[in-house]
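Please arrange chain B on chain A, whose structure you already have, making use of the hints.
There are 2 protein chains.
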Amino acid sequence: MSDARTAITPTRAENYAEWYQQVVRAADLAETSPVRGCMVIKPWGWGIWENIQRGLDGMFKATGHKNAYFPLFIPLSFLEKEAKHVEGFAKECAVVTHHRLEAGPGGKLVPAGELEEPLVVRPTSETIIGATFAKWVQSHRDLPLLINQWANVVRWEMRTRLFLRTTEFLWQEGHTAHATAEEAREETMRMLGVYAEFAEHWLAMPVVRGEKTAGERFPGAVETWCIEAMMQDRKALQAGTSHFLGQNFAKAQEIQFQDDAGRREFCWTTSWGVSTRLIGGAIMTHADDDGMVCPPMVAPAHVVVQPVLHKPETAAEVRGFCDKLVADLRRRHYGGRAVEVELDARDIRGGDKTWQWVKRGIPVRVEVGPRDVASGSVFVGRRDKGVKEKQSIPVGAFVEGIESMLAEIQQGLLDRARAFRREHVRVIDSKDDFYDFFRAPGGAGDDAAPTPIHGGFALAHFGGDPALEERIKSDLAVTVRCIPLDGQGLCADEGTPGTCPFTGRSSPRRVVWAKSY
Amino acid sequence: MSDARTAITPTRAENYAEWYQQVVRAADLAETSPVRGCMVIKPWGWGIWENIQRGLDGMFKATGHKNAYFPLFIPLSFLEKEAKHVEGFAKECAVVTHHRLEAGPGGKLVPAGELEEPLVVRPTSETIIGATFAKWVQSHRDLPLLINQWANVVRWEMRTRLFLRTTEFLWQEGHTAHATAEEAREETMRMLGVYAEFAEHWLAMPVVRGEKTAGERFPGAVETWCIEAMMQDRKALQAGTSHFLGQNFAKAQEIQFQDDAGRREFCWTTSWGVSTRLIGGAIMTHADDDGMVCPPMVAPAHVVVQPVLHKPETAAEVRGFCDKLVADLRRRHYGGRAVEVELDARDIRGGDKTWQWVKRGIPVRVEVGPRDVASGSVFVGRRDKGVKEKQSIPVGAFVEGIESMLAEIQQGLLDRARAFRREHVRVIDSKDDFYDFFRAPGGAGDDAAPTPIHGGFALAHFGGDPALEERIKSDLAVTVRCIPLDGQGLCADEGTPGTCPFTGRSSPRRVVWAKSY
Numbered sequence: 009m010s011d012a013r014t015a016i017t018p019t020r021a022e023n024y025a026e027w028y029q030q031v032v033r034a035a036d037l038a039e040t041s042p043v044r045g046c047m048v049i050k051p052w053g054w055g056i057w058e059n060i061q062r063g064l065d066g067m068f069k070a071t072g073h074k075n076a077y078f079p080l081f082i083p084l085s086f087l088e089k090e091a092k093h094v095e096g097f098a099k100e101c102a103v104v105t106h107h108r109l110e111a112g113p114g115g116k117l118v119p120a121g122e123l124e125e126p127l128v129v130r131p132t133s134e135t136i137i138g139a140t141f142a143k144w145v146q147s148h149r150d151l152p153l154l155i156n157q158w159a160n161v162v163r164w165e166m167r168t169r170l171f172l173r174t175t176e177f178l179w180q181e182g183h184t185a186h187a188t189a190e191e192a193r194e195e196t197m198r199m200l201g202v203y204a205e206f207a208e209h210w211l212a213m214p215v216v217r218g219e220k221t222a223g224e225r226f227p228g229a230v231e232t233w234c235i236e237a238m239m240q241d242r243k244a245l246q247a248g249t250s251h252f253l254g255q256n257f258a259k260a261q262e263i264q265f266q267d268d269a270g271r272r273e274f275c276w277t278t279s280w281g282v283s284t285r286l287i288g289g290a291i292m293t294h295a296d297d298d299g300m301v302c303p304p305m306v307a308p309a310h311v312v313v314q315p316v317l318h319k320p321e322t323a324a325e326v327r328g329f330c331d332k333l334v335a336d337l338r339r340r341h342y343g344g345r346a347v348e349v350e351l352d353a354r355d356i357r358g359g360d361k362t363w364q365w366v367k368r369g370i371p372v373r374v375e376v377g378p379r380d381v382a383s384g385s386v387f388v389g390r391r392d393k394g395v396k397e398k399q400s401i402p403v404g405a406f407v408e409g410i411e412s413m414l415a416e417i418q419q420g421l422l423d424r425a426r427a428f429r430r431e432h433v434r435v436i437d438s439k440d441d442f443y444d445f446f447r448a449p450g451g452a453g454d455d456a457a458p459t460p461i462h463g464g465f466a467l468a469h470f471g472g473d474p475a476l477e478e479r480i481k482s483d484l485a486v487t488v489r490c491i492p493l494d495g496q497g498l499c500a501d502e503g504t505p506g507t508c509p510f511t512g513r514s515s516p517r518r519v520v521w522a523k524s525y
Numbered sequence: 009m010s011d012a013r014t015a016i017t018p019t020r021a022e023n024y025a026e027w028y029q030q031v032v033r034a035a036d037l038a039e040t041s042p043v044r045g046c047m048v049i050k051p052w053g054w055g056i057w058e059n060i061q062r063g064l065d066g067m068f069k070a071t072g073h074k075n076a077y078f079p080l081f082i083p084l085s086f087l088e089k090e091a092k093h094v095e096g097f098a099k100e101c102a103v104v105t106h107h108r109l110e111a112g113p114g115g116k117l118v119p120a121g122e123l124e125e126p127l128v129v130r131p132t133s134e135t136i137i138g139a140t141f142a143k144w145v146q147s148h149r150d151l152p153l154l155i156n157q158w159a160n161v162v163r164w165e166m167r168t169r170l171f172l173r174t175t176e177f178l179w180q181e182g183h184t185a186h187a188t189a190e191e192a193r194e195e196t197m198r199m200l201g202v203y204a205e206f207a208e209h210w211l212a213m214p215v216v217r218g219e220k221t222a223g224e225r226f227p228g229a230v231e232t233w234c235i236e237a238m239m240q241d242r243k244a245l246q247a248g249t250s251h252f253l254g255q256n257f258a259k260a261q262e263i264q265f266q267d268d269a270g271r272r273e274f275c276w277t278t279s280w281g282v283s284t285r286l287i288g289g290a291i292m293t294h295a296d297d298d299g300m301v302c303p304p305m306v307a308p309a310h311v312v313v314q315p316v317l318h319k320p321e322t323a324a325e326v327r328g329f330c331d332k333l334v335a336d337l338r339r340r341h342y343g344g345r346a347v348e349v350e351l352d353a354r355d356i357r358g359g360d361k362t363w364q365w366v367k368r369g370i371p372v373r374v375e376v377g378p379r380d381v382a383s384g385s386v387f388v389g390r391r392d393k394g395v396k397e398k399q400s401i402p403v404g405a406f407v408e409g410i411e412s413m414l415a416e417i418q419q420g421l422l423d424r425a426r427a428f429r430r431e432h433v434r435v436i437d438s439k440d441d442f443y444d445f446f447r448a449p450g451g452a453g454d455d456a457a458p459t460p461i462h463g464g465f466a467l468a469h470f471g472g473d474p475a476l477e478e479r480i481k482s483d484l485a486v487t488v489r490c491i492p493l494d495g496q497g498l499c500a501d502e503g504t505p506g507t508c509p510f511t512g513r514s515s516p517r518r519v520v521w522a523k524s525y
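Line by line, the protein sequences give chains A and B. Positions 9 to 525 (this note's numbering) are the ones given, in order, by the first sequence. Positions 9 to 525 (this note's numbering) are the ones given, in order, by the second sequence.
Next up, chain A with everything else stripped away, as it sits in the complex (with noise of 0.2 Å):
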């Protein structure tokens, strides 16, 4: 960027947290609501929403899956069955109490109708799923059962981020029984691989995969999975998870099946979700100080064409140009669809829509004036290059190569993304080096305060003690992101044994620890 003011205030460098709300508001992706916690998903935000559900979708029908529905309401009694499931949900659940609403004293609506048991607004569907795969499953011929949900679900939450956390959210929730552990395992490590693979493929966003410590597991499961992506503050966005359940839920909702031998066992379950949250993730990974940057795969739409049509005597034929090359590019493909197109021809300044576009973080603008008809070409503007870094391209070569370019564009945002990742992952071998690399340069350490970036993804040794743990968040607000799968290529000695720096204990292999969202 040449251009030295910038289209937020304030930049990453000077606020990061209050950057990326503006970048939120300014790209026109979401907003808050007069209702405590949950936000406002606007046409912009939707539409990348719309191409991630898209990408997804195909992958778990690819892999076998088929979409269902259960109840948004879950009654108090299946929640208690799992007890460590209800204590880790029991303080954020909206509850329903009532079934109507009638006049009160002073003529004031008021709650009525109260009902027998109360039901909560799903967190998460274990158990409602699992008491409905209870009656679906009969015999081992029912197995594996592999279902998905598109849903929202509801976490109270007391501070909240739009997309990051927010008291409504939507998500999928993976469900699957099986007959085996082993079953339940492959589908647990199967789901985790396609989030990452989405997430690198889709979203452009470098993942690690791996596992969370006991401490950070999913209420109820047995082990936790998960993808966690860096943000350009350098914390960690845990993106997506996978849980082996063993049989926990299959013992609480009594979800068995008859083997060969006739006998009844309890189902292996697993469960896996993503959410809006990843929109969060591909904020940040990707916007920078002018707004928003959509990788093309997830772009509600890839091209905006602004027509110059100030000039009455040229306005018909430039025009007409523009709807000709509206309807080009829309016969082409990019990413399993149409390529998608705007046609901004609002009577605003030409610098004021454009403004709002690279706001908006649209891959590709395309301006055509009188000029660029009379000489067959058009000006062509990319989002992962500076605003005014612009090029005359002969109109019938930039139809032709619109997939290439976009193509061209998503992989140039996962190197960056990868880039920036590489830059700011540590091997630390030291204690004095770990809390240095942590602690602030100013020294805040409170991480509302608008403190310099620093820190990263620290690879480091790690006996497993959760008491380390403790105080290693209490001090620097560091916690194990996870403990990753072998072959990421995150460093040199990945998977080898050693010693943790703090304790002194035997560790199989490096973990990430970061601060985190």
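Heads up, a few of these hints could be off.
The list treats identical chains as interchangeable, and a pair is accepted whether it falls inside one copy or across any two copies.
What the hints assert, rightly or not - In silico PhoX-like links for lysine-lysine, alpha-carbon gap of 25 Å or less:
(1) Lys393 / Lys143
(2) Lys259 / Lys92
(3) Lys89 / Lys116
(4) Lys92 / Lys116
These are computed hints drawn from the structure, not numbers from a lab.
Structure of chain B alone, referenced to chain A:
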């Protein structure tokens, strides 16, 4: 059907209401859940809903609408702003009053953290979306604002029936704001037209378009328009509504804009919705005594291929033939998507397998045994014909012709439904004829009991007297379903004035009277 045995017991003629429940169950469409009034939509039923969503969403986008998402919860105070609206919904609201659970007396979990203001789970979203529109609309340049949301809604129902009336249901709700009453009225009618077109061309369900009388209006609307379909028990199903809201909600929510002259004006708004009820409509339009019949446009899958594998020496060859057949079919397209094929190689009796697919209503069934492979043909059954009426077709011709076969089935279902409706629309000009038409031959009059199917749509003149509507409702459980638009070919003298046979009042046109869901 030459076979006297039917797959569904009871038959439509024996007990229509019970037949419906059995079809929903036998076709694996949905089931009741442990949560009173809420349903579980099973994968096959969800597949129909996915296609309904795909079809409508395309039509909404083609008419300039954008999707967005608004909160699940509505503050009680919002609902109260439009007096008629809250009055209409107060009796069926699920109310959230607490935001956590804690251990109560005896250790049982009880609701805690009482909310200052109760939240209603949205029964519809005019108020919360209106509050957001008030922020989005400033100037006439922001209009029209054309928004749609796909969401779940909750209306507490005492008597529920799967798909037709459930406490939680899924729907889309369109909400638009306009500068003039005329534009808002045009939008209301445009979306009514979209619904009618979708019902006829996707669901193969003919509908009557018309306006509701005052008593059946949406709470808070100025005009409510609807599409009404005739089910096989000759009752009407309200399948979609489009409301002209005037300035009622704009005034309640302060949705204002500045016009050209700088004056602040209230917007004119509309809302319109269809729901999972459409699936119930498709069932009751097409299903027969052997189960569901899916219109190909919304069928979760178009073709099932059943290899006959019991002879080990030919199994591999049959399997190979089928794999190629499946791959070839999947390369064909119908109704805007690839032909969807299920390969059913389960090791169960062929007859059981066939009947399962018949009950689910898959449009085309293909059996392939060793002799078919030898002759290069397939054995094809169509759901719109008798179960035993199968035909051997050379495999190449079958694959080549799959699109036209599906189109023929789709058209045939619509033609049949149209013929059925024509047969049961009656032009009536006397009170006695009217009462005879709607009185059960047995005379029971209790809607819940399995009385013989009778009646239909009566086209009678109506002077607009609400007291008459009340009387006929109480006598016969018959209501004015709509005041039909002209040009629908319902009867020879449509749109011609006449005299109400009950009151002698003058009537501008015949209206549609019927029993209804």
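Structure-based check of all given hints:
1. Proximity of Lys393 and Lys143 under a CA criterion of 25 Å is satisfied in neither setting, with 56 Å inside one chain copy and 33 Å between copies.
2. Proximity of Lys259 and Lys92 under a CA criterion of 25 Å is satisfied intra-copy only: 13 Å inside one chain copy versus 49 Å between copies.
3. Taking identical chains as interchangeable, the C-alpha atoms of Lys89 and Lys116 lie at most 25 Å apart only when they sit on different chains, with a minimum of 12 Å there against 38 Å within one chain.
4. Taking the shortest Cα distances, Lys92 and Lys116 sit within 25 Å of each other only across copies (15 Å), while inside one copy they are farther apart (40 Å).
This entry does not satisfy hint 1, going by the numbered hints stated previously; all others are met.
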